[in-house]
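Numbering (our numbering), first residue to last: 1 to 106.
Do not rely on the hints blindly, as some may be mistaken.
[Stated by the list, open to error] Computed spacing ranges between beta-carbons, pair by pair:
1) 100 to 54: 13 to 21 Å
2) 45 to 84: 16 to 24 Å
3) 91 to 50: 29 to 37 Å
4) 34 to 8: 18 to 26 Å
5) 14 to 50: 32 to 40 Å
Since the hints were derived computationally from the structure, they do not count as laboratory data. Cβ atoms here follow ideal geometry from the backbone N, Cα and C, with glycine treated the same way.
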Amino acid sequence: MLEHVVEDREAYRSLFGSSTRGVFRSALEAPVRARARLAIEVWTREGVPGVPSDEPGIAEAAAYIAAGLAGAIEVWALNDENDAEAAAVRFASLMPRWWPEPAGEH
């Protein structure tokens, strides 16, 4: 996703700066929210400590993660940094304490 922002940064800046910003943010958040919810449900079944295991906790956590990532992407799109990998590492560090580390991370 971040590499796509680098490739089309001006379009992202226009969308984040437009009067339809809210619609764009909602479209950006929706698939992230769905994926976060799915991950939370799987981790709940797997017994990952600290993961919300009930409604509305699952829905709230998924919404929180999606909105936070959309906000971070917006800030990043509006600056001039092009290192998507470094930004992804920073974004991962912002996830909730119970969010499992990516494979290969320590």
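Here is what the structure says about each hint:
With their beta carbons about 19 Å apart, residue 100 and residue 54 fall inside the hinted range of 13 to 21 Å. Between residue 45 and residue 84, the C-beta spacing of about 32 Å breaks the proposed range 16 to 24 Å. Checked against the hint of 29 to 37 Å, the C-beta distance between residue 91 and residue 50 comes to roughly 19 Å, which is inconsistent with it. Between residue 34 and residue 8 the beta carbon distance is about 23 Å. The supplied range of 18 to 26 Å therefore holds.
Between residue 14 and residue 50 the beta carbon distance is about 39 Å. The supplied range of 32 to 40 Å therefore holds.
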